[in-house]
Amino acid sequence: MDITYDLLLRIFPALADAPSWVLVAIVAGLPALACFAFMGVGPVIYVYAERKISGFMQDRLGPMRVGKWGLLQTIADTVKLLFKEAIFPRDVDRTLFLLAPIIVCVGAFLPLVVIPWGARLQTADLNVGVFFVAAISSLSVIGLIMAGWASNNKYALFGGMRSAAQIVSYEIPAIMLLLVPVMIAGSLSLQDLVAVQAGGLQNWLLFRYFPIMPIAFVMFFVAGMAECNRTPFDIPEAESELVAGFHTEYSGFFFAMFMMAEYTEMFVISAVSSVLFLGGYLSPFPGGVLQTLGPLPLGWFWLIFKAWFLIFVMMWLRWTLPRLRVDQLMHVAWKVLLPVAFVLVVVTGFFVLLPETANGFLWDRWVAWPLTLAFVAFLFVVMVRALRWNRRRAQELAA
Amino acid sequence: MTAADYVFWVFATATVVSGAVVVFARSLIYSAFALLFTFFGVAGLYVLLGADFLAATQLLIYVGGILVLLLFGVMLTHRIYDLKLRTEKTQLGPGLIVAAGIFIIFANAALITEWPTVGREPAPTTKEIGRLFLGEYLLAFEAASVLLLVALIGAAMIVRRKKDA
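In order, the protein sequences belong to chains D and E.
Okay, so the first sequence: first residue is 1 according to our numbering, each after it adds one.
Okay, so the second sequence: first residue is 1 according to our numbering, each after it adds one.
Okay, chain D solo, but in the shape it has when bound (with noise of 0.2 angstroms):
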């Protein structure tokens, strides 16, 4: 909040005088419409990404009708969507259908609070901001379980209670492997997780601290998309067990909610990824270079950049493995990821408590960064061996 307000009153000094009502009004509205602008833009976005690259994927090619290359079909679907009629199917709890949507919606939107677009532009730069978000997102399990129950259907109450279930499981591992980064910057604050990766691509926490910030990127990653019902973790809405799951009894507008919500939750937890372990805002070259183009700041764009690769990963993920069966998600949630989290939060307590000379910098240089090159340099391995004998194999079934 003060950040905005610091910003405004560079550029309207007038408005120091203004009474507090007029203050609180711009300076919290104004980031709350940018957010919002971005967010309702975005899911037409990705949108329509998902359905181009699910094609793709698949050999074929996506929405192609409206529009070159079908560009304005998502827009189409929305237009449509608004102005679908709503039904209230007779047996619905109404009260509770109607707040279900909200209450998602409020979830999912609330972190953008505390996302940073740059070192200067963010709505509020909270103290806990790690822990903001982690404590909003539990606000969307609630909005699932009561549009689960409100629907009085019995594959959307399943839907809700497995989606309860679900989240709940793979909240305790991502909040303790929050606690990884945040550990190694001693602060809860977005901008000083931030503040600690500064200097380019090697000093992203991903790369350093070699063993212990790999597995942890990767195992937030998962569990953060367990906690937006991602497949392979969507047995929440499974449509083929549950029609639709939670959101079975929900159309037009409503509905529209649900998507908006399940992309921002996409896009938060991306982004929040990304301050965490890829730099954030921060350009991946040394010396600050590409931050700024001139005078404008290209924090924003770096940071949008990398929370779109890691939701092409997402979506990438998606249309290549099949769904876990529950037992499968219970297995992965309490016997992989949190007893690794346990370990991987002793040992950076270990490195934490290193003198600061060798405070991961001598590791770093020594250890962590050949380490790293050569893990990358295996998967670029695999991947063009499996890339050669997808090919040769595509020649055999085609001879």
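In short, the hints are calculated from the structure, not lab data.
Fair warning: this is a prediction, and the values are worked out from it, not measured in the lab.
Each residue gets a CB set at the ideal place from its N, CA and C atoms; glycine is no exception.
Certain hints may be false.
So the derived list for chain E, only partly shown, Cβ under 8 angstroms to chain D, looks like this [claimed, not checked]: (1) Ala56; (2) Val63; (3) Gly64; (4) Ile66; (5) Leu67; (6) Val68; (7) Phe72; (8) Met75; (9) Thr126; (10) Ile129.
Model the placement of chain E on the given structure of chain D, informed by the hints.
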């Protein structure tokens, strides 16, 4: 009234009204969902008192954990749809005494405590809380964690499938 006062009244009203719904609602599920707004209002009051970490913890533990488990339990309850809650026996005398006692204790606590003035720049509390937990109140902290661990193991023991059955 400053902006903080308005915000306080919003949170206070939300807390009290939803708290009343929790108590007076006829359906268990409405009570449970109304708890959400009570917790949220209390978290807002914590923020106004400068306890940001406590507010986030309140949301995380109560909304994300306890309320979800509560709802889970309510939904697994048999015949929840047409279950109407009714008080079978009213005990006016003892009830009034207990309520009055609790009111006196809470009112005293509220009046004696020196609350941080509203609108003050919130100081980071996280570090101080951590230091106190692992310093001055280490014994209580460790005792609580052992207690929780015992509860966890006990719960796992109780729900375990018995081999001979």
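Status of the hints after comparison with the structure:
1. For E:Ala56, the suggested interface contact is upheld, since its CB lies about 4 angstroms from the closest CB of chain D, less than 8 angstroms.
2. Proximity of E:Val63 to chain D holds as hinted, the smallest CB-CB distance being about 5 angstroms (cut-off 8 angstroms).
3. Hint status for E:Gly64 relative to chain D: holds, with the closest Cβ pair at about 3 angstroms, below 8 angstroms.
4. For E:Ile66, the interface hint is violated, since its Cβ never comes within 8 angstroms of a Cβ in chain D; the closest pair sits about 10 angstroms apart.
5. Interface hint at E:Leu67: satisfied, since its Cβ lies 6 angstroms from the closest Cβ of chain D, which is below the 8 angstroms cut-off.
6. Taken as an interface hint, E:Val68 checks out: its beta carbon lies about 5 angstroms from the nearest beta carbon of chain D, inside 8 angstroms.
7. Proximity of E:Phe72 to chain D holds as hinted, the smallest CB-CB distance being about 6 angstroms (cut-off 8 angstroms).
8. Contact between E:Met75 and chain D, as hinted, is supported at the beta carbon level, the nearest pair being about 6 angstroms apart and thus within 8 angstroms.
9. Satisfaction of the interface hint for E:Thr126 is found here, the shortest Cβ-Cβ separation to chain D being roughly 6 angstroms, below the 8 angstroms cut-off.
10. With its C-beta approaching chain D no nearer than about 11 angstroms, E:Ile129 sits outside the 8 angstroms limit, and its interface hint is violated.
Hints 4 and 10 from the list above are not met by this structure, while the remaining hints are.
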